[in-house]
Amino acid sequence: MLAVNRVTKKYGGFTALEDISIEFTKGVYALLSPNGGGKTTLIKMLVTLLFPTKGEILWDGSDISSLGEEYREIIGYLPQDFGYYKNQTPRTFLNYLAALKGIEPGTAKKKTEELLRLVSLGDVADKKMRKFSGGMIQRVGIAQALLNDPKLLILDEPTAGLDPKERVRFRNLISELSKDRIVILSTHIVSDVETIANRVIMLKDRKILCNDTPSNICNTLKGKVYETRNTDAIPKPYFPLTQRQEDGYTYVRFVCDEECPGPAKPVTPNLEDVFLYVFRDEVI
Amino acid sequence: MNMIRPSDEEKERAVEYILSKGLKKPKSLWQELYDMYRALGLRYVFYDAASSMGIAVFVMIGFYMISLMSSEQYTNASMFAAAPVFFIFVLILTETAERMSVLYELKMTCKYTIRQIAAFRILCFSLMGTVFCTLASLFVGYTDIGDFLRPFSLSLCALFLCSFLSLYIIEAFRKIPFTPVLLWFAMNLLPLLFFGEHWENFLSRVPIALTFCVAFVAFVLFITEIKKLMKIKREVPYYAGC
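Note that the protein sequences, when read in sequence, are chains F and B.
Take the first sequence: its position 132, counting from 1, is numbered 132 in the numbering used here, and each next residue is one higher.
Take the second sequence: its position 188, counting from 1, is numbered 188 in the numbering used here, and each next residue is one higher.
Fair warning: there could be bad hints in the mix.
[As the list claims (entries may be wrong)] From chain B, some residues computed to sit far from chain F (all C-beta separations above 12 Å):
| hint | residue |
| --- | --- |
| 1 | Met36 |
| 2 | Arg43 |
| 3 | Val45 |
| 4 | Tyr47 |
| 5 | Met69 |
| 6 | Glu72 |
| 7 | Val102 |
| 8 | Thr109 |
| 9 | Phe194 |
| 10 | Cys213 |
[As the list claims (entries may be wrong)] Quick partial rundown of chain F residues pointing at chain B, CB under 7 Å, derived from the structure:
| hint | residue |
| --- | --- |
| 11 | Asp19 |
| 12 | Val47 |
| 13 | Thr53 |
| 14 | Gly55 |
| 15 | Gly61 |
| 16 | Leu67 |
| 17 | Ile74 |
| 18 | Lys128 |
| 19 | Phe132 |
Please keep in mind that the hints were generated in silico from the structure rather than gathered at the bench.
Predicted model only: the values in this text are computed from it and were never measured.
The C-beta atom is built at its ideal place from N, Cα and C for all residues, glycine as well.
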């Protein structure tokens, strides 16, 4: 189990995170906040690139910074800006990282083949990565994070650059992987986590706003989300969420704190509604 | 009483078993380096470092040629100045390349971090420096063993003093770039430039045993710095919002 205990992170006078406490057991955890909300700082502390200013992070009861390589052996990490050597092929790149992760060459070779197939890069395993699309590079990044079969998989904005088909495949992969490990992923793309996350952790104003299941989080707006194509007829003050086109009409989805009589229909709130409503001061 | 007593072998096994369940004995530096070598091999230890090493060798050869040819009467001072050139340049070039590498962050989260690999490399670079110093000393003192030992001991002294102090000041003054070059300039080159003849006279009279002793002490201190480098835990520079 991974436990974040009352962690605060400061950069000089700027506080990035304050008094954060979370417990992670098997399953998918999604960190959700707008850009600059502290997700990456928290993730960097979880992978020991940064240290908490206050508090502690424990893996099975031991401080992760004192565990050293013992902890690094069980993590898989995909950074937000995933770097790679352009002149390398995915196969040589994965073999190189496998060596850095201390994986035996024989095992590394097998694991590389398996992962290249898993992320559908088997056909281009020996092509230089300089010609790869953003989505292909991201898939190489996901593969490298899985090389050591990590007990703790930490992915920072993993779906950035993936096309819709790749996104679906990624979600299925994460669901499969989370059966026997902790998967922590940060994103500001709500749709990515709605279906796969067991718990969603929202960060606001440097603190945890909520840490709950997606359905419980959606229920916080139960009975308050409506949809209409005629916003002029809404009598109450309301907060607009999203718009969609249907049959030549523009439908507006909105939140109204009080019961909203008139032409608007109540709809089931989703995570995106909650996200837009909670971060209404920050989302453009 | 008829007690069944365990044999020494059984006792030893039991003790080993109990110890294996308790605190783990920390690995020695050499064990860590050996494990790293076995896991990575020289290919991955020096991955992406070939061009830096090539440039450093080129600079070193150039410096030896210029200093030895332009000041033949200052052989000892030139050897003292040239000995750390390879080490200093390869250290700076490889460090800069790694810090600017797009993979730096990712490599810091692997079992063998780039900092540990750098420590291994630095040790190898100092050993390569020793080989270069030996070859250069053989070149200038090939006629007589006495002519070989003095430049050889002075070179080792300069190399290990510079190696130890470079690692020390890199840690102490992390935010100031190129501190090892400044150190080399101040400690090895300036005395030759400012006190040419006096400096040469001093170096040609200092007892060889003393210079070997200083070199040995500096080597021990250098190894201590390598050990620290292997164990050090430091944040990877990062700024909020990046």
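Would you pick out the hints that fail for this structure and give their numbers low to high? When the structure is compared with the hints, numbers 1, 2, 3, 4, 7, 8, 11, 13, 14, 15, 16, 17, 18 and 19 turn out to be violated.
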